[in-house]
Structure formats: C-alpha cells, structure tokens
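Q: Sequence:
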Amino acid sequence: MSFDTEIKDMLIKHEGLVCNLYKCTATPPRNTIGVGRNLDDVGISEDEALYMLDNDIKRVKESLDKSFKMWRCMPKRARMVCIDMTFQMGITGFLGFRKTIALMQMGMWLEASEEVLDSKYAIQTPNRAAFNSRQLALCHGEKIKRGTSS
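In terms of this note's numbering, the sequence shown has 67 at position 77, counting the first letter as 1, and numbering is strictly consecutive.
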C-alpha cells in the first residue's frame, strides 16, 4: 500500500467521509463536507468546482434522458434550455413547465419562448428566463429530429 493511500485511509478513519454538508464539532462549528473539508475557511478550488459541475451536468442529462427522452431530438439551443432549467430547478421543476414542453415537442419555438416568460420562474430569475426564452425563439424554423437520440 502506498504512503498516500495509507494517509487517505487514516484521515477517512479519523475524520469520516460525509458527502453532505454537516456542522463539524469543533469550536466554533464549521460547515464541513467530504473528509473534514472546512468550507467556511478553505472552500473549494476552481478545479474542484468545475469537476463537480461536470458531474452535475452528467446527472442533469441522465435525468432528462430518463424523464424527457425527446430533449435529445431538439435543436442545440433548445437542448441547452432543457439542461439549464433542469440544472436550476431539478427535473421535477422542469417537468412542471407542461405547456412549454408540449410546445417544444411540437416545434413551436416562438410560443414556447413566450410561455417561459409567463411563469413564476421569469419573475424569480428574470435574466435567466429571458435568456432561455430567447434561445427557444432562436430555434424558430428548426425541426425536431424524429427518431434521433444522440
């Protein structure tokens, strides 16, 4: 066993491995995650944040594949909107946009873009909703690739 592996094993034994945020028992208590990572003082690096983002994007795509397979047949900008909205609200929140999704499935991009703006989402995050609405509007004239899932 390598020295680095022994160190990891020792630290996991002493610190524990917790994949959710918890309060460390130190005084004063600190927000901690993983193997004793003090988020209050240390935080995470940009590389760590981007690694987590890659995993989150993968998870979002998998949830869309499971619950809304047709998203993969849509134009690139519409797929990006599906990912962005699911990333922000979770798959349940995204699937709550029943009218928007129905319009997207019919390739009615302008109507879908308007529907995005007619929501609490547009009130709560107006810039993001406006961006996503514009992306759907820019799909106008593009077709859904039936039978495609790549």
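Simulated from the structure, these hints should not be mistaken for laboratory data. The structure presented is a predicted model; accordingly, all values stated were derived computationally and were not measured. It is possible that part of the hints are untrue.
Label pairs and their in silico Cβ distance ranges [as the list claims (entries may be wrong)]:
1) K48 to N10: 46 to 54 Å
2) E5 to M42: 44 to 52 Å
3) D(-1) to R124: 18 to 26 Å
4) G131 to I34: 50 to 58 Å
5) A120 to K48: 24 to 32 Å
Restricting the straight-line Cα-Cα distance to at most 16 Å, the calculated cross-link-like pairs of lysine to aspartate or glutamate (EDC-like) are [what the hints assert, rightly or not]:
6) K133 to E101
7) K48 to D30
8) K51 to D30
9) K89 to E101
10) K66 to E132
11) K13 to D31
12) K89 to E104
13) K89 to D108
14) K13 to D30
Every residue gets a Cβ at the ideal spot worked out from N, C-alpha and C, and that includes glycine.
Q: Please go over all the hints and tell whether each is borne out by the structure.
A: Verification of the supplied hints:
1. K48 to N10: 46 to 54 Å: With Cβ atoms ~19 Å apart, the hint is violated.
2. E5 to M42: 44 to 52 Å: 20 Å, violated
3. D(-1) to R124: 18 to 26 Å: Violated - the Cβ-Cβ distance for D(-1) and R124, about 51 Å, lies outside 18 to 26 Å.
4. G131 to I34: 50 to 58 Å: Because 42 Å falls outside the window, the suggested range is violated.
5. A120 to K48: 24 to 32 Å: Holds, since A120 and K48 (Cβ atoms, about 27 Å apart) stay within the stated range.
6. K133 to E101: 15 Å, holds
7. K48 to D30: Not OK: K48 and D30 at ~27 Å, beyond 16 Å, violated.
8. K51 to D30: With a Cα-Cα distance of about 31 Å, the restraint between K51 and D30 is violated, given a limit of 16 Å.
9. K89 to E101: Between K89 and E101 the Cα gap is close to 9 Å, so the pair holds against 16 Å.
10. K66 to E132: Cα-Cα ~10 Å, so holds.
11. K13 to D31: Distance of about 13 Å is within 16 Å: holds.
12. K89 to E104: Measuring from Cα to Cα gives roughly 10 Å; hence the hint holds.
13. K89 to D108: Answer holds: K89 to D108 is near 10 Å, not above 16 Å.
14. K13 to D30: 10 Å, holds
When each numbered hint is compared with the structure, violations occur for hints 1, 2, 3, 4, 7 and 8.
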